[in-house]
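Using the sequences provided together with the hints, build the complete structure.
This is what each chain is made of:
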Amino acid sequence: MGRKLLLEKQHVEGIRHYDVYRREGGYRSVEKALKMQPNDIVEEVKKSGLRGRGGAGFPTGMKWSFLAKPDGVPRYLVCNADESEPGTFKDRYLMEFIPHILIEGMIVASYALGSNVSYIYIRGEYDWITDILDQAIAEAKQNGWLGKNIQGSGFDCEMYVQRGAGAYICGEETALLESLEGKRGNPRIKPPFPAIKGLWGCPTVVNNVETLAAVVPIINEGAEEYAKIGVGKSTGTKLISACGNINKPGIYEIDMTISVEEFIYSDEYCGGIPNGKKLKACIPGGSSVPILPANLLLTTAKGEKRLMNYESLSDGGFASGSMMGSGGFIVLDEDQCIVRHTYTLARFYRHESCGQCSPCREGTGWMEKILLSIEKGKGKLSDIDLLWDIQRKIEGNTICPLGDAAAWPVAAAIRHFRDEFEWHVNNPEKCLTENFGLRHYADAIHVPV
Amino acid sequence: MVQFKETSLAKVKEIIARYPSGKQKSALLPVLHLAQVEFDGWLDVPVMDYVAGLLNIEPIEVYEVASFYSMYNLKPVGKFVFEVCQTGPCMLNGSDDIIDYIKQKLSIGVGETTADGLFTLKTVECLGACGYAPLMQFGKTYREHLTKQKVDTIIEECRAKAN
Ligand SMILES: Cc1cc2nc3c(=O)[nH]c(=O)nc-3n(C[C@H](O)[C@H](O)[C@H](O)COP(=O)(O)O)c2cc1C
Ligand code: SF4
Ligand code: FES
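If you read the sequences in order, they're chains A and B.
Each residue of the first sequence is one higher than the last, beginning at 1 in our numbering.
Each residue of the second sequence is one higher than the last, beginning at 1 in our numbering.
None of these hints come from the bench; they were simulated from the model.
Take these hints with a grain of salt, some might be off.
[What the hints assert, rightly or not] Think about it this way: if two alpha-carbon atoms lie no more than 35 angstroms apart in a straight line, the pair counts; the simulated DSBU-like pairs of lysine-lysine are:
#1 K9/A - K150/B
#2 K103/B - K430/A
#3 K13/B - K79/B
#4 K148/A - K69/A
#5 K140/B - K161/B
#6 K148/A - K13/B
#7 K69/A - K23/B
#8 K13/B - K183/A
#9 K430/A - K150/B
#10 K277/A - K103/B
#11 K148/A - K140/B
#12 K11/B - K69/A
#13 K190/A - K13/B
#14 K46/A - K23/B
#15 K25/B - K148/A
#16 K32/A - K233/A
#17 K369/A - K75/B
#18 K11/B - K25/B
#19 K46/A - K4/A
#20 K23/B - K141/A
#21 K430/A - K105/B
#22 K122/B - K278/A
#23 K150/B - K103/B
#24 K148/B - K430/A
Listed below in structure tokens is the structure:
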């Protein structure tokens with residue numbers, strides 16, 4: 001069993017409440033941090049190797065060190081709790097069951113960054129979790145961890161929760177800031193980056209829930225100890241939310257050394273695929289990252305076992321690899337239809353495009369329509385090339401990465417499952433009642449070009 | 001005339017105090033949530049104009065935002081709103097069947113409200129709970145691992161509440 005840092009206390013009764021959380025060692029990292037120099041905390045986080053858990057994997061300590069510090073201008077910490085990437089539901093778990101770990105991490109981060117006011121931007125649908133966070137914040141305040149002059153340190157720290165209102169794009173950090181300012185969630189053109197001009201034009205750090213929670217064990221255990229867990233540039237632990245066709249969907253904290261095969265099949269994690277079915281495909285890091293057929297998922301093109309970490313999941317680039325992304329692990333069994341699944345994702349991105357850039361606004365709509373017509377047995381073979389062409393024209397040509405996020409799932413589905421698309425076109429009647437099935441997708445590796 | 005209850009007005013004040021002075025527009029999303037709960041589950045134009053007045057911003061700034069976010073209803077909805085997730089991971093676990101079942105059971109299509117004004121069915125995109133599929137948003141929380149029986153029970157519960 002791997003080390004647990006974030007979920008270590010998940011089964012302690014009442015851990016959601018302050019008294020129990022504190023009794024179990026909660027808020028020690030704040031006590032420790034308040035005795036340190038803010039910059040030394042940033043250095044610790046750098047040394048820990050922590051990478052942003054929101055999806056992009058950007059080194060957190062480095063991001064913190066970029067924060068501009070002009071005199072007389074407030075700085076802000078904003079927690080990204082928008083959690084809307086299909087397949088991802090890990091932050092919800094932390095906030096719902098162990099809310100104080102987020103608040104604790106945010107206090108340490110606020111102190112390190114010199115931010116006296118921070119906001120948790122949470123997706124609007126998590127209405128009941130907003131209440132849980134509000135209550136936890138009130139408890140922390142009553143006990144002197146928030147408010148003026150916390151723990152007699154001279155440092156003031158306020159924290160507020162703000163609900164979004166149903167828009168995936170508000171997970172993109174600049175759209176999130178717009179939304180927090182009471183506007184439509186239209187991503188901003190970068191630069192300037194939030195570290196220079198963020199919330200209300202002030203320097204701002206935006207971090208994911210899990211990233212901020214991970215600051216707690218880093219300060220408690222020390223960066224070196226934290227960095228010993230995991231492998232290579234995948235240090236520490238990672239929360240994976242597993243869903244789709246598996247026996248035990250849920251949240252797992254892994255130490256990034258286990259293999260994908262072990263993660264799917266062992267009873268400690270997903271517990272295999274229901275009803276003895278075979279694995280067909282998997283999206284290992286949230287809907288935006290490339291889907292892989294079973295063979296390429298379990299073994300890299302080099303023939304090595306694929307591991308659950310940043311480097312191994314992306315081994316082979318987009319030709320034969322995928323990405324860790326947000327850790328949203330979606331498993332498809334042999335009876336699932338790749339065309340249908342890809343269509344639902346295309347519909348998602350069309351629905352969520354903010355509409356500012358024409359390649360994204362128009363392209364996502366076209367892809368959805370074409371995929372639906374192929375799914376309904378009304379497609380042409382040339383539609384597959386057209387899809388490929390559209391996704392290429394979106395990728396890299398937009399203001400924010402939602403364009404890429406919409407393009408990649410379609411590209412990867414065609415790259416690896418082209419014959420299934422062709423079968424749909426060539427069997428317009430049959431594809432309405434039958435599925436293509438597993439065919440060769442679990443066979444020994446053939447690397448697509 | 002549109003007017004918040006005293007408690008809601010106090011809440012609006014509290015929300016505005018979270019931001020630096022002059023940045024009260026930031027309160028727009030939370031205040032629209034409050035308004036939607038208080039005024040029958042949707043945002044009519046007079047309600048939006050009222051919110052604009054409260055926050056000292058132009059009505060157009062409110063319309064822009066209300067029309068952007070999918071949680072704000074710009075048309076009347078039923079007393080109970082079922083918002084069933086239909087994105088990939090939920091589809092893998094049978095969300096399409098649940099949507100069809102609700103349609104048939106209530107004799108309405110997606111986006112429609114029953115004639116008695118009790119139920120509205122909506123489909124939504126990923127609710128961030130894919131491991132508990134199929135599921136729907138129902139009021140403040142989610143109803144997860146839906147089955148046909150569970151849908152029946154929820155509908156009965158609602159009918160009982162409405163009586
Ligand atoms: C379309 C889109 C949606 C995103 N959604 C989320 C999200 O729901 N949660 C999140 O933490 N990051 C999300 N991100 C990434 C954020 O922009 C940002 O990189 C992240 O919050 C930074 O935090 P981290 O460095 O701690 O990962 C999204 C990015 C894009 C382009
Ligand atoms: S890429 Fe799409 S979501 Fe991003 S800014 Fe452009 S239109 Fe909006
Ligand atoms: S796909 Fe339905 S909750 Fe994520």
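> Given the proposed pairing of K46/A with K4/A, does the C-alpha separation stay at or below 35 angstroms?
Replying inline: 21 angstroms, holds
>> Need the status of pair K369/A, K75/B: alpha-carbon distance at most 35 angstroms?
In response: 27 angstroms, holds
> Is it true that the CA of K13/B sits at most 35 angstroms from the CA of K183/A?
Replying inline: 19 angstroms, holds
>> Between the alpha carbons of K13/B and K79/B, is the straight-line distance 35 angstroms or under?
In response: Holds, at about 28 angstroms.
> Taking only the CA atoms, is the gap from K23/B to K141/A under or equal to 35 angstroms?
Replying inline: Holds, at about 24 angstroms.
> Under the criterion that the straight-line Cα-Cα distance not exceed 35 angstroms, is the pair K190/A, K13/B satisfied?
Replying inline: 34 angstroms, holds
> Under the criterion that the straight-line Cα-Cα distance not exceed 35 angstroms, is the pair K103/B, K430/A satisfied?
Replying inline: With Cα atoms ~26 angstroms apart, K103/B and K430/A stay inside 35 angstroms; holds.
> Holds or violated: are the alpha carbons of K140/B and K161/B at most 35 angstroms from each other?
Replying inline: Satisfied, since the Cα-Cα distance of roughly 16 angstroms is no more than 35 angstroms.
>> So if I understand the rule, the pair passes when the alpha-carbon distance is 35 angstroms or less; does K32/A with K233/A pass?
In response: The hint holds at about 26 angstroms.
> K277/A and K103/B: Cα distance at most 35 angstroms?
Replying inline: Distance ~31 angstroms between K277/A and K103/B Cα, so the pair holds.
>> Need the status of pair K11/B, K69/A: alpha-carbon distance at most 35 angstroms?
In response: Holds, at about 33 angstroms.
> Does K430/A pair with K150/B here, judged by a C-alpha cut-off of 35 angstroms?
Replying inline: 33 angstroms, holds
Checked against the numbered hints above, the structure violates none of them.
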